[in-house]
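Number of protein chains: 2
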Amino acid sequence: MSVCVCREEGGGGITRVLQDGGVWEKAGVNVSVVYGTMPPEAYRAAKGTNVEIPEGAPRVPFFACGISSVMHPKNPHCPTMHFNYRYFETDEWCGIPGQSWFGGGTDITPMYVDKEDLMHFHGTYKDICDKYDESWHPRFKKWADDYFMIPHRGETRGLGGIFYDDLQEKDHDTLINFAADNLQGVIDSYVPIVKKHKDDAFTQQEKDWQQIRRGRYVEFNLVYDRGTIFGLKTGGRIESILMSMPLSSRWEYDVKVKPGSPEHEVTECFKKNPDWANMRSGPGPLLR
Amino acid sequence: MSVCVCREEGGGGITRVLQDGGVWEKAGVNVSVVYGTMPPEAYRAAKGTNVEIPEGAPRVPFFACGISSVMHPKNPHCPTMHFNYRYFETDEWCGIPGQSWFGGGTDITPMYVDKEDLMHFHGTYKDICDKYDESWHPRFKKWADDYFMIPHRGETRGLGGIFYDDLQEKDHDTLINFAADNLQGVIDSYVPIVKKHKDDAFTQQEKDWQQIRRGRYVEFNLVYDRGTIFGLKTGGRIESILMSMPLSSRWEYDVKVKPGSPEHEVTECFKKNPDWANMRSGPGPLLR
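Here the protein sequences line up with chains B and R, keeping their order. When the letters of the first sequence are read in order and numbered with this note's numbering, they come out as residues 18 to 305. When the letters of the second sequence are read in order and numbered with this note's numbering, they come out as residues 18 to 305.
In short, the hints are calculated from the structure, not lab data. Idealized CB from N, CA, C, for every residue including glycine. One thing to keep in mind: the hints can contain errors.
[Said to hold, decoys possible] Label pairs and their in silico Cβ distance ranges:
no.: 1; chain 1: B; residue 1: D198; chain 2: R; residue 2: V272; range: 35 to 45 angstroms
no.: 2; chain 1: R; residue 1: V274; chain 2: B; residue 2: K187; range: 44 to 54 angstroms
no.: 3; chain 1: R; residue 1: F247; chain 2: B; residue 2: P291; range: 30 to 40 angstroms
no.: 4; chain 1: B; residue 1: A74; chain 2: R; residue 2: D217; range: 48 to 58 angstroms
no.: 5; chain 1: R; residue 1: E58; chain 2: B; residue 2: A74; range: 25 to 35 angstroms
no.: 6; chain 1: B; residue 1: E106; chain 2: R; residue 2: E58; range: 31 to 41 angstroms
no.: 7; chain 1: R; residue 1: K273; chain 2: B; residue 2: G29; range: 16 to 26 angstroms
Next up, chain B with everything else stripped away, as it sits in the complex (with noise of 0.2 angstroms):
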């Protein structure tokens, strides 16, 4: 199913979706271009950080780009994946000079841990970071563990990977590159990973935990995403901002896990996400 919704003020979005597939339970893709002017506290959003925003301040000229994506397989072996990409622009406004910033991110929401795949996903990651900054792996990898943090549960959606934004610090064309590969990394981490579990034999208490944790993906999404509850609540196309939910999840009252269970070692994981990256013997990726 695809959608293409054009915006009044300028620019638009392509959603498209892939659902009750073979190997996917639900994928899509939401790409936008937009541009004209945003309220300031959507300016403040898109920042990411705190900006003081003068009485009667006027809405903001700007321009953005983004694709997104949200992969939820039906094998409960494969993990979920979920990427953002996105350019902002502005104008000069209330005395601030015009700026432009990068954000983004891919992470990775295992239902079971894989050492191999995590070592890889999160080493492909790394690799890439490596190339433009040492300092950007660590920080970006533990910018993503806070991020996806669930604080009501005390554990985090999954089981991260990077994420970054307002980034400004090298110049336009470096940037650009790192999100480009950062992209290409989506493929390179992950299409291995789904094409070594997606026909994995399993259980249906292993389908049962694999929808309960989709249930917590769900609490992430809806009380604490950012870019989902700026959505709903500023009047944005329901069914793209919505289109990361699953197709099905669960709720069974006070799921406990049995000490020493499958279960039980990624929901460790879930409470300190450990450093996947460097228990790799070097560099370079594990799965082909």
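For this one, chain B is given, so just place chain R on it according to the hints.
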């Protein structure tokens, strides 16, 4: 399953949940009696009105008790039902004299319109309200329609019932009798509807529609429900708070209902909930 939790400060609560039963997908009840002091923001949330909080205000001495329940039947022709009845007392605080007030409501979430059921359900609550004050039913029915709105969908979670808060306009005995009558009303209004439909034949398409409406239930509870959000953000017992979640739910991309279909009929009611009680030819319950 039953869990009893005692608070350090005073009082405690019991949660009981029936899951994946014969009639019920998930049905739970929370009872709590708590007292001590609460942060001023909690006081504001409890009142459901704008209370001005002086800088550096101390915690508010309070007593509160309440009972709440959400029941999600398996059969898509059986509506979900929710009720909550609560009583609050505060001692003198920041120059505001001690107060006591009642709040509560019962509401129904059908997946399909059965006009007789809805006249019976709303009629039962109209008859209860009318015994106390003829202005109450129109006011409390509208309050429910407003409260259960999902603004980002432009529709309500279900087809309402009654809702009231900060009620102290009659004497204490009258208000506690009103709450008790409303609790008896749950049985009178809802049980005949469940008995009538629990064994109705249904198709997979009807089951999927139920699951999609369950998704809207989740959206309302996690994004807008005052009690849920307050509980999640102030460290309440998560499993008691999220007892209200359905066992399973579904998000299909861009669901469109066919004009003239039963799904279309109920969707129109979610946009503007009719005055069901006054469609009856006279007072009194329609179903036994």
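Hints and how they fare:
Remark: the range hint 35 to 45 angstroms for D198 (chain B) to V272 (chain R) is upheld by a beta-carbon distance near 37 angstroms. At about 50 angstroms, the CB distance of V274 (chain R) to K187 (chain B) agrees with the hint of 44 to 54 angstroms. Remark: the range hint 30 to 40 angstroms for F247 (chain R) to P291 (chain B) is upheld by a beta-carbon distance near 34 angstroms. Checked against the hint of 48 to 58 angstroms, the pair A74 (chain B) and D217 (chain R) passes, with Cβ atoms roughly 57 angstroms apart.
Under the hint 25 to 35 angstroms, the C-beta atoms of E58 (chain R) and A74 (chain B), about 27 angstroms apart, fit the expected range. For E106 (chain B) and E58 (chain R), the Cβ-Cβ distance of about 38 angstroms falls inside the hinted range of 31 to 41 angstroms, so the restraint holds. The hinted range of 16 to 26 angstroms is satisfied by K273 (chain R) and G29 (chain B), whose Cβ atoms lie roughly 21 angstroms apart.
Checked against the numbered hints given earlier, this structure breaks none of them.
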